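A.B. asks: Throw the hints in and build the complete structure from the sequences for me.
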Amino acid sequence: MMRKIAWKDLMSLLLLLLMCVVFGIMSRGILFSTYNVKNITEQSMQVIIGALGVIYVIAMGSTDLSVGGNAAVSATIACVLSEKFGFWIFVPACLLIGLTVGLLNGLIVSKCKVSSFMCTLAMLIALRGLLNVFTTDAVVLAPARLQALNRFPVKVAIVIAFILILGYVFEFTRFGYYCKAMGENEQMAIRMGIDAVKIRIGGFLLSGLMASFVGIFQLIQQGGSSSTMGSFMEMKVMMAVFLGGVMVTGGLGTKIYKMIIGAFMISLIVNGLYLGNVSTDYLNAVEGILLMLVLYMTLRIQRGRAAARP
Amino acid sequence: MAQEGYLLDIRKLSKSFGSTQANKEIDFQLKCGEVRGLAGENGSGKSTLLSQIAGIYSHDSGEMYLKGEPYQPDSPISANERRIAIVVQELGLVGALPAGINIFLGKTKKCSRFGMISQKAIQREVDVITAAWELPKISLNTRAGDLNIEHRKMVELVRALSIDPDILILDEVTQSLSQDNRKYLYGLIQKLKAQGRSVILISHDIEELIDITDTISVLRDGEILETVESAAIRPDELKQKMVGRKLEGDYYRSDPGPDHGDEVVLEVQGVSTESGLSDLSFSVHKGEILGFCGLSDSGIHNVGRLVYGLERICKGRVFLPGLNREIRRQWDGPKSRMGYAPKDRDTDALMMGASIRDNFVLSSLKELEGPVGFLGRKRLNRLAEEAREAYQVKCTGISQSMSELSGGNKQKVNLGRWLLKDLDLLVVDCPTRGVDVGVKAYLYQCLKEARKEGLGIVVITDELAEAIGMCDNIVVMKDQRIVKKIARGPGFQEETMIEVMI
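Taken in sequence, the protein lines are chains V and C. Take the first sequence: its letters are residues 1 to 310, numbered as in the numbering used here. Take the second sequence: its letters are residues 311 to 812, numbered as in the numbering used here.
Hints may be right or wrong, so weigh each one.
BS3-like cross-link-like pairs, simulated, lysine-lysine; straight-line CA separation at most 25 Å [unchecked claim]:
id: 1; chain 1: C; residue 1: Lys762; chain 2: V; residue 2: Lys198
id: 2; chain 1: V; residue 1: Lys255; chain 2: C; residue 2: Lys645
id: 3; chain 1: V; residue 1: Lys111; chain 2: C; residue 2: Lys645
id: 4; chain 1: V; residue 1: Lys198; chain 2: C; residue 2: Lys758
Derived DEER-like restraints, expressed as beta-carbon distance ranges [said to hold, decoys possible]:
id: 5; chain 1: V; residue 1: Ala122; chain 2: C; residue 2: Arg638; range: 31 to 41 Å
id: 6; chain 1: C; residue 1: Pro681; chain 2: V; residue 2: Phe117; range: 32 to 42 Å
id: 7; chain 1: V; residue 1: Ala161; chain 2: C; residue 2: Pro681; range: 16 to 26 Å
Keep in mind that the hints were calculated from the coordinates and are not lab data. These numbers were taken from a predicted model, which means no experiment stands behind them. Each residue gets a CB set at the ideal place from its N, CA and C atoms; glycine is no exception.
C.D. replies: So, in C-alpha cells, the structure goes:
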C-alpha cells in the first residue's frame, strides 16, 4: 500500500522529466542553457510564491482567483505611495494592501457564505478596474532602490525561505492540518472543534499576503507597472497546484512539493514551446491543449484516490 | 437450468475486490412472498451480495435467474427494469436536489411536461405510493442534503417503491429509523409479502431480524453457511452462528441500579433552542451513562448537538461545573474536555478520503504539538498506531483510506479518537448504528470501561434495548420535551418507555 502511493506521487515528477526531455530535443538543447534554465526558474518562482499562499485556500476546498489582480494593485499602489512618502513605505504598504484584500475575501466567504469562486472573481474584476485608475495616464515605475534585489541568487534565496516557512506551516503545524481537514469534510471539522471561520480567514490572509509578494517580484523583474501586470497570474497559480496532482476539493492529499513540480511544468511548457519554434499565432492554443493533456494524465495517475471521493 | 418455482435463483456467484474475495460461490434461492434476512458480521459479504442482485456491482462468475430467465443487470436501472429495487446502506441521494426530484431521478419523464418537471405531478405520484403502502407523508421540496438521515432513508424507500418492485432489497435500513418509522416499515414488509412480492434485508438488530423475516441466511467470510427458518432459531443461537464462536453471555450491564459519582459534569438548566427543543433540564454525573430515547421527531438527536454547542440557545444555559464554563457556541464543546460522535458518521464525523491515521489524530493535534507548533510525523504515527491496536481496528495499516473500512471499524475510529483522550464528557449519538454484534459488544465494553474511569457519557439511541442495557438513567423525550426520567431499576423496561414515548 505504502509503496503504491509513493509510486503514484512520483509520477508527476517523471512527467516533468519527460517534458524536459521532449522540449530539450525540440529546442536542440537550448532548453538546458544556463540562461534559459535561469529564465524558467525565474518564471516558476513567481508562480511558486503565489501558489504558496493559494494552496492553503485550495486545501480547504475554496479558490482564490484574485491573486493576479491583488499582486498588481498592491505593488502599483505601493509604488505610487513610495514616490510620495519615500521608499520606506513601499514594502509595508504593499503587504498591507495584499493582506486587506485577503481579509476582505476571507470575511465575505466565511461570514456571508458566498462561494469563494464568485467572491474572488468579483474581487479580481474590481482590482483590475482599480489598476486601470493608476496605470492609464501615468507610467508607474518601480522605486530604484528595489532594483538592488534584482539578482538571481537573492531571489532564489528569498523563494527558498518562503518555501521552508510556509511549507513547514502547511505540512507540520495545526493550522496547515486544519486547512486540509476542512477540505476533506467541513462538517466534521466543525465538530472536531476547528474554528472554520478563523481558519478560512487565515487562509485567505496568507493568500493575499503572498499575492503582494508576487507583485513585488513582478515589479522587480519588469521595472514598472502596467495595466496588464499580473494578468492570468491567478490562473497560472491555480494551474500549478492542480498540475501537481492536488484535488480541486483540497484535502489531506494537498502537498507543497506537488505544487512546486506543477509550477515548473507550467513554465516549462511556455518556455519549451517558445524555444521549439511554435508559431506565435498558435502558441497559446497549443499551450492550452498541452496543459489539458498534462492535467488529464495527472488525474489518470491519481484516479485511485479520486474514485474514492466522487 | 433454472429450477421452477423460485423468483430469484442464484448459482455459484463469486465476486472479489482485488485480493479479497467478498463472495465465494454463493447459492441463493428466493421464493415469491418470502421475506429473507441476511445475517453476518461486518465484512462477511452481505452487502456485496445484495449489490450484485441490485446491479450495483457486476459478478465475476456464476449465474442469476429471475423468474426462470437469465438475469444479468449491468446497472441499478436495468435491475429496476426487471423490478428489483434497493435501498442502500450508504446514502443514496443527490444532496443538492429536492427530495421529490430524487425519488423520480432518471424517471422524471412521467412527471414532466414539455421538459419541465411538474412538482404537482411528483406530489401526486408520491401520494399514490405512500397511500398504497401506508407510509407517512414526506416533505418533497426540501433539499435531500438538508434532510436528516432518517427522512433521507424514507425518501429512498419511496423511490424504491416507485418502480413497483417484485423484490425489495433493504440494506440496514431499520438502523437509521426510529421506533415509529420502523413500525411503518414492518407494515410495508407485511403488505409486500401478502401481495406475493419478496423482500431481502440486512439488519444487525438480531431480534428484529428474527421477528420480521421468514427465513435467514447466515453469511461468514463470503459464503452462505446455512439458511434457517426464523421461527425456529433463538437470537443467541443466531449470533453464535454469525461469529462462529460463542459470545460471552450478555453484553449489556447486569448490575441492578444506577451507580455513578456525585460530581456533576454537565448541567443543563431550562434550555430552549431555535431548533425547537423546549425547557430541557438534566445533569450528567461523573461516571454516569445517561440515555436519551424518543421517536423520530422527539428531538433526542438535537440534545447531542446542544450539549456540544452546535445548537442556538434561546433560553437557559448549558453549564460545565467542573470547568466553571458555559457552552454557547460552536467550538465551545471541543474546547471544554468534551467529545461528540454524531449519528451520521460518514458525513458528519469522518474524513472518508483520508487515512485512518489522519482520522485518529485530528482530535488530539493540540496535545501532540511540539515546540514551534511542530507536529512530527513520528508522533502522529505512534498515536495512530497505538489507537489502532487499542481499539482493534481491522485494516491493512494506518495509512489505509477510511472509505475502505467496514461500518464497524469506522465506528471504532469515530469513538476511539475521543476515548483515547482525557475527557470529562462524551456524547455518542447512535453508537452502534450499522455495526455487527461482535463489534457492538466490543464498543459497549469500551464505553463501560470509560465510564468506570469516570467519564460522563450521554448515549442517544434509537434502540431501547441498548439504552436499557447500558444506562444508569434514561431520559425519554416526546415532542422536543422531556416527558420522563427513569433510573436504573425495576421500571427499566421497554414497555414503560414506549408508553410515555408515544
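A.B. asks: Next, verify each hint and record whether it holds.
C.D. replies: Here's how the hints hold up against the structure:
no. : hint                            : verdict
1   : C/Lys762 - V/Lys198             : 37 Å, violated
2   : V/Lys255 - C/Lys645             : 29 Å, violated
3   : V/Lys111 - C/Lys645             : 22 Å, holds
4   : V/Lys198 - C/Lys758             : 37 Å, violated
5   : V/Ala122 - C/Arg638: 31 to 41 Å : 34 Å, holds
6   : C/Pro681 - V/Phe117: 32 to 42 Å : 38 Å, holds
7   : V/Ala161 - C/Pro681: 16 to 26 Å : 20 Å, holds
In the structure shown, a violation is registered for the earlier hints numbered 1, 2 and 4, in ascending order.
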